[in-house]
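Student: The lines below spell out each chain.
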Amino acid sequence: MQRSTHRRRLLARPTVVSLAAAVALTATSCAKSEDDASSATTSSGAAADAEQKVASPEPGGKTCTIDAYGAEKLDLKNATVGFSQSEKEANQFRIAETQSIRDEARRRGVKLLTANAQSQFSKQISDVQDLLAKGADLLVIAPLNSDGWDPVLKAAAAKKVPIVTIDRKINATACKDYVSFIGSDFVEQGRRAADQMIEATGGKGEVAILLGAAGNNVTTERTKGFKDRIAEKAPDLKVVFEQTGDFAREKGQQVTEQLIQSKPGIKGIYAENDEMGLGAVAALKGAGKKPGDVEIVTVDGTRNAVQGIVDGWISGVIESNPRFGPLAFQTLETFTQGEEVAQDIVIEDGAYDEANAQSDIGKAY
Amino acid sequence: MADVTLRTAPLDKARVLQWLQTYGVYAGVAVLLIVNVVVTPYFLSAENFRTQAVQVAPVIIVALGMALVIGTEGVDLSVGAVMALSASVTALYLGYGLLPALLVVALFAAVVGLANGALVALVGVQPIVATLALMVGGRGLALVLLPQLEDLRNPSLASLGSGDVLGVPYLILFAAVLALLVAFVVRRTTFGRQLLAVGDSRPAAQLAGLPVRRVLIVVYVVSALLAATAGVLATARLQASDPTSLGNLMELSAITAVVVGGTPLTGGRVNIAGTVAGAVLIQLLTATLIKHDLPPSWTQIAQAVVIVAAVYAARGRGKR
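Chains W and S supply the protein sequences, listed in that same order. Per UniProt numbering, numbering through the first sequence is continuous, rising by one, with the last residue being 365. Per UniProt numbering, numbering through the second sequence is continuous, rising by one, with the last residue being 320.
The following block holds chain W by itself, in its conformation from the complex (with noise of 0.2 Å):
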């Protein structure tokens, strides 16, 4: 229809990016937000003794060691590490989880290779191709997925370079793809958020569920733990509602408002993360509620839900510990030096409640 000569399409390209380079630039350059004084949050400093500690090192568990491994021996000082991460640090628990891989390599003198794969699965996999060709010898994983990585361990294998991965599984035989999983237990993270409904609403009366995004193990298990624990201990306290508010807290916000609408009888709410907690609070203030006419548990532990519970209006936060760094340099140094490790680690996760948060929120990231 239109006719365009061919320079024009040409020019116009570099004119839109240096554009939008020049706008970025300014937009910085000049801006001034409400709190730039008190900016320097999540440094290392108060998460010390937050540090991850082992819950399970069941003498039973199955181990590993670098001889069943098929990897040699090698010190961790003069070692490079490769460490790719699944998500954009764009949400709390990604950035402190980063932040503290970055933190322990420093504090260890480790060389740190990083990549961040944004979300993409293609892109983690080649990302940690990359890290095995610059040369990583020993590689800490967060996947995104636990299927689809056959290609990587091949490539991982025929280096013999030991794989631990963090937070999420691969589907893969521990001690031979990979050396060890380091994580959390999100059916255990569910029942203690039961626990503590149960004790804020007395185990009694109706409650309600605000899912993670669907499809995602994360909301599966913590689902699970929740109900199991509900139907074993407090058979009087009903799920009259599961919507999912898919880990963001607009959609928390958005769908508490329609929850409390149709249910004002409502007495508790689960929600599966902090930042859909945090929308079902905005909510509740909108809709002229007090503190506490609504029992909220959460689960994550980041600093905003603490101070929640330290302003009346969450009753409970689960913790789901995202420092990995320690463990899981300490669980590299153990295996490189020969010894042997467990093949599972599963974490052991804090709490908060209306007793610990106003002492404990500096643990909270």
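Note that these hints are calculated values from the structure, not bench results. Computed from a predicted model, the values in this text were never measured in an experiment. Careful: at least some of the hints might be erroneous.
To be verified - Chain W residues, not near chain S, derived (Cβ > 10 Å throughout):
1) 69
2) 111
3) 121
4) 148
5) 175
6) 202
7) 228
8) 232
9) 261
10) 291
11) 333
12) 343
13) 356
14) 362
What the hints assert, rightly or not - Per the computed footprint, the stretches of chain S lying under chain W, defined by three or more beta-carbons under 8 Å from a beta-carbon of chain W, are:
15) 32–46
16) 92–101
17) 145–154
18) 231–244
19) 293–303
For every residue, glycine included, the Cβ atom is placed at its ideal position computed from N, Cα and C.
Since chain W is already given, all that's left is putting chain S on it; use the hints.
Tutor: For chain S alone, kept in the frame of chain W given last:
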């Protein structure tokens, strides 16, 4: 008697389809309202209608811009990204106060709209491709500017999100005023006429000496500004700037509202009242399914059914 029915049957079908195309969306809203009054507890309360209206207001505002763009036989996929961008920019500049922050937001949105319009009108890129580029780039820029959610405590912003005039929340007022304004522009102004002429046939409009390029650029700028308004209002309501998830899939909600409201994708016609009703229809549908705690996948299926029905009705009209 039977003879008469037989003879009028085909004509009736066409008439039914035409009726559906024009009034189907209002009938849908009416049916959903009646069904909900009967089966949904606590539905008939002022508080409930307020909630639905507040939730749908940003969608309506975005859909108004989308209706104008579709009226020119285009489409604007970048609206969700513009919402995210406006959230980031609001957070970045709120230190200067609300009004300066809003001016900067408007500036950013206008730049995105200009880029969209220039690509479409001057370079001759297909609208779907041009705005796709800014959909990806806009959200990218939003995340570069503000990589993570940030809580906002500005009191004027908070009152913008949750305040009201005589019990009517600002969000609803904004949506209503903008809808009236856009409807007036489309129906009563030269610009509105030119917009429809461009959508009807761009070569014909060009031959008739209309300022085709200027009209197109203005339309995309207006669409971006409306999306930015929706982004600021949603941010004000949440009292937090969340560029990662704000406006996700908003382009699809807006296009759905426009199409269900009876505006043809082929351009040359814009139905503003229908667009508002289309947004309300989807909102009521979602609310009904959520209130009855049906699985979220049902909402998507129900939306798909509504879209197919709307497209079917539109097809009937096109053939006539």
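Student: State for each hint whether it applies.
Tutor: Structure-based check of all given hints:
| no. | hint | in the structure |
| --- | --- | --- |
| 1 | 69 | 37 Å, holds |
| 2 | 111 | 25 Å, holds |
| 3 | 121 | 18 Å, holds |
| 4 | 148 | 24 Å, holds |
| 5 | 175 | 37 Å, holds |
| 6 | 202 | 23 Å, holds |
| 7 | 228 | 20 Å, holds |
| 8 | 232 | 23 Å, holds |
| 9 | 261 | 5 Å, violated |
| 10 | 291 | 16 Å, holds |
| 11 | 333 | 32 Å, holds |
| 12 | 343 | 34 Å, holds |
| 13 | 356 | 23 Å, holds |
| 14 | 362 | 18 Å, holds |
| 15 | 32–46 | holds (count 5) |
| 16 | 92–101 | holds (count 5) |
| 17 | 145–154 | holds (count 9) |
| 18 | 231–244 | holds (count 7) |
| 19 | 293–303 | holds (count 3) |
Going through the hint list in order, the structure does not satisfy hint 9, though it satisfies all others.
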